[in-house]
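Count along the sequence shown starting at 1, add 12, and that's the number in my numbering.
Check the hints yourself; a few may be wrong.
As the list claims (entries may be wrong) - Taking lysine-lysine pairs in the DSS-like style, the calculated list, with each CA pair at most 30 Å apart, reads:
| hint | residue 1 | residue 2 |
| --- | --- | --- |
| 1 | Lys165 | Lys122 |
| 2 | Lys163 | Lys122 |
| 3 | Lys246 | Lys307 |
| 4 | Lys294 | Lys246 |
| 5 | Lys93 | Lys200 |
| 6 | Lys156 | Lys242 |
| 7 | Lys113 | Lys156 |
| 8 | Lys409 | Lys304 |
| 9 | Lys294 | Lys27 |
| 10 | Lys294 | Lys125 |
| 11 | Lys246 | Lys304 |
| 12 | Lys307 | Lys422 |
| 13 | Lys84 | Lys200 |
| 14 | Lys324 | Lys483 |
| 15 | Lys294 | Lys42 |
| 16 | Lys402 | Lys427 |
| 17 | Lys125 | Lys165 |
| 18 | Lys155 | Lys200 |
| 19 | Lys324 | Lys402 |
| 20 | Lys27 | Lys155 |
| 21 | Lys307 | Lys27 |
| 22 | Lys294 | Lys402 |
| 23 | Lys483 | Lys431 |
| 24 | Lys200 | Lys242 |
| 25 | Lys93 | Lys206 |
| 26 | Lys84 | Lys27 |
| 27 | Lys307 | Lys294 |
| 28 | Lys304 | Lys427 |
Quick caveat, the hints were computed from the structure, so don't treat them as lab data.
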Amino acid sequence: MFTMSVNATENEIEKIWQLRDEQPRLAREKVQQLLLGIADEHLEARCFTILAFLCFRDNQFEAVTENVYKAKEILETTEDKLWLARLLGMSAVTHQYLGDKNMFFALMQKVLKLAHEINDSDRLFGTYHDLAIYYLDSREDFKKALEHFEKAKAYITEYHQEAFLYLNLGRLYALQGNYDFAQSNFHKALNLGKSHENQRIISFSHELLSWHYLAIQDFEQALSHNQLCKEARKHYDNVLAEDELQLAEIYYHMQSFDQALLVALSALESLDKEKFQSYKPKAYTLISQIYKAQKNYEQALTYFEQGSRLEKALNTEEQQKKQRTLELIYKTEQLKQEARLLEEKNKELEGYVKRLEELNEQVIELSVRDPLTGLYNRRLLFEQAENYCKLARRYGKPLTVAMIDIDHFKQVNDKFLHKAGDQVLVLLADLMQAHFREADLIARYGGEEFAVVMPETSLENAVIACERLRKTIETYDWSIIHPELRVTSSFGLVSQVVCENLEELFSLADKQLYKAKELGRNRLAF
């Protein structure tokens, strides 16, 4: 096996770090591949730092905590100030997300001290910029936000830093009602994006310009920039549902209520397909406002209530997630300190280290488990399924994937409330674990959809197992949740002897699931 020298590996890690903003998916692939061949724990710590950044970018905060924990002590021991500053910056903004303001500022001061010691302009820009964003987004102190933006400006070394500074300065001026300054900064960012052909910056600039023109009721310009945003977005991503929500809001303010409703409902449907929850309350609220403007008060109330319920559920789940993460962070730090003291005083260190390792396992376990059902999450599903796929190719064994969806689950939530819906998901997870083998990989795919990967299982045997589960779900006594509750499910199955493409396998199973629904639900399609 070819292995790189230490210097070559260091250079490769730095190149991956530079990819993190513009090509995050490629950066993740490269750093995970690099970790497979690294034996030096110091270089491993740098890789974990990159993973912490990428996980933060994807809102995977438990995984951020996991990677910070793996890297921090090694970087401190080796006095690697550059990478320690990068890591602590990620840890700081994670604490900001968790609502731990004091730890956020304490870590930011450590980062600034390290960055000044090594004269790291990139980290100095990033830290001052992050502090400015804190004051901006919290609406705590616009004057301090502007001061920190000005400090960040002194350390700009790359055009994309300058562009994002202009975008956020524009947001600041817009919140202050200084629309001329806001517009000027948005256009500065747009010009930088165009001159460097950076479609990401171009799309963000058009998005913010669209909101800007909507605020000053220049609807023609708002529509134009919304369209330009979507055109730029297509170069590096799909047009997002939130872009369509912006368009719907423009039509709403133009009092073109029919167009607004059509676009908003389409955006909500896209959010359902993407299983992307955080924008859905906004979509429900906007649709409610449109119906209200049309004097359709019954529909307005229906969508308002659905949005309120979903927002409450999301806030509760998010708060629980934050609380669990904070508890694990502080318990881990506490045990680390205890371990250091015991190492100096006596030989009882082994027991405390074991406790520390158990907590670390909990941190790792939290990052791969769905908090509601206890099943593996989508992240672990794809990582482990890839290994199954490789084994299937190597030994010529069949690999079968089943996609499972609860029929009319939205009606369960609407009729019996979200608490009952959560109980259904938990019970279904228990039934699945009882029906499938220990070797089978069971995961919550998203919302009310589950996935099962069955290694060395023919389609015929998988159909038998899934049909048995389907009947169990159909005949199960769901009245323990609510006397009127009945639950059925639909299954889509695909099997391949040679697993060439995992994503294609899941896509084919999803199509079979859709077919099962089209045929009337409560059945298998394969």
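Status of each hint after checking the structure:
With a C-alpha separation of about 20 Å, the suggested pair lysine 165 and lysine 122 falls inside the 30 Å cut-off, and the hint holds. The suggested pairing of lysine 163 with lysine 122 holds, with an alpha-carbon distance near 17 Å, which does not exceed 30 Å. Simply put, lysine 246 and lysine 307 have alpha-carbon atoms about 37 Å apart, too far for the 30 Å limit, and the pair is violated. For the proposed pair lysine 294 and lysine 246, the alpha carbon gap of about 23 Å is at most 30 Å, so the pair holds.
This hinted pair does not check out: lysine 93 and lysine 200 have alpha carbons roughly 34 Å apart, beyond 30 Å. With a C-alpha separation of about 33 Å, the suggested pair lysine 156 and lysine 242 falls outside the 30 Å cut-off, and the hint is violated. For the given pair, lysine 113 sits about 16 Å from lysine 156 by alpha-carbon distance, which is consistent with the 30 Å threshold. Simply put, lysine 409 and lysine 304 have alpha-carbon atoms about 58 Å apart, too far for the 30 Å limit, and the pair is violated.
With a CA separation close to 39 Å, the supplied pair lysine 294 and lysine 27 exceeds the 30 Å bound. Among the hinted pairs, lysine 294 with lysine 125 is inconsistent with the structure: their alpha-carbon atoms are about 41 Å apart, more than 30 Å. For the hint linking lysine 246 to lysine 304, the alpha-carbon distance of about 33 Å lies beyond 30 Å, and the restraint is violated. With a C-alpha separation of about 26 Å, the suggested pair lysine 307 and lysine 422 falls inside the 30 Å cut-off, and the hint holds.
For the given pair, lysine 84 sits about 38 Å from lysine 200 by alpha-carbon distance, which is inconsistent with the 30 Å threshold. Proximity of lysine 324 to lysine 483 is assessed by CA-CA distance (about 34 Å); at most 30 Å being required, the pair is judged violated. For the suggested pair lysine 294 and lysine 42, the alpha carbons sit about 36 Å apart, so the restraint of at most 30 Å is broken. Among the hinted pairs, lysine 402 with lysine 427 is inconsistent with the structure: their alpha-carbon atoms are about 44 Å apart, more than 30 Å.
For the proposed pair lysine 125 and lysine 165, the alpha carbon gap of about 18 Å is at most 30 Å, so the pair holds. Taking the CA atoms of lysine 155 and lysine 200, the gap is about 22 Å. The hint holds against a cut of 30 Å. Between lysine 324 and lysine 402 the alpha-carbon distance is near 42 Å, which puts this suggested pair outside the 30 Å criterion. Only pairs whose Cα atoms come within 30 Å are accepted, and lysine 27 paired with lysine 155 is rejected, the gap being roughly 36 Å.
Distance hint between lysine 307 and lysine 27 is unfulfilled; the C-alpha atoms sit about 57 Å from each other, more than 30 Å. Restraint check for lysine 294 and lysine 402: the C-alpha separation of about 42 Å exceeds 30 Å, so the hint is violated. For the proposed pair lysine 483 and lysine 431, the alpha carbon gap of about 24 Å is at most 30 Å, so the pair holds. For the hint pairing lysine 200 with lysine 242, the CA-to-CA distance comes to about 19 Å; that is within 30 Å, so the pair holds.
Proposed proximity of lysine 93 and lysine 206 is contradicted: the alpha carbons are some 35 Å apart, above 30 Å. With a CA separation close to 21 Å, the supplied pair lysine 84 and lysine 27 stays within the 30 Å bound. With a C-alpha separation of about 20 Å, the suggested pair lysine 307 and lysine 294 falls inside the 30 Å cut-off, and the hint holds. As the CA atoms of lysine 304 and lysine 427 are separated by approximately 23 Å, the hinted pair is consistent with the 30 Å bound.
Hints 3, 5, 6, 8, 9, 10, 11, 13, 14, 15, 16, 19, 20, 21, 22 and 25, counting from the list given before, are not met by this structure.
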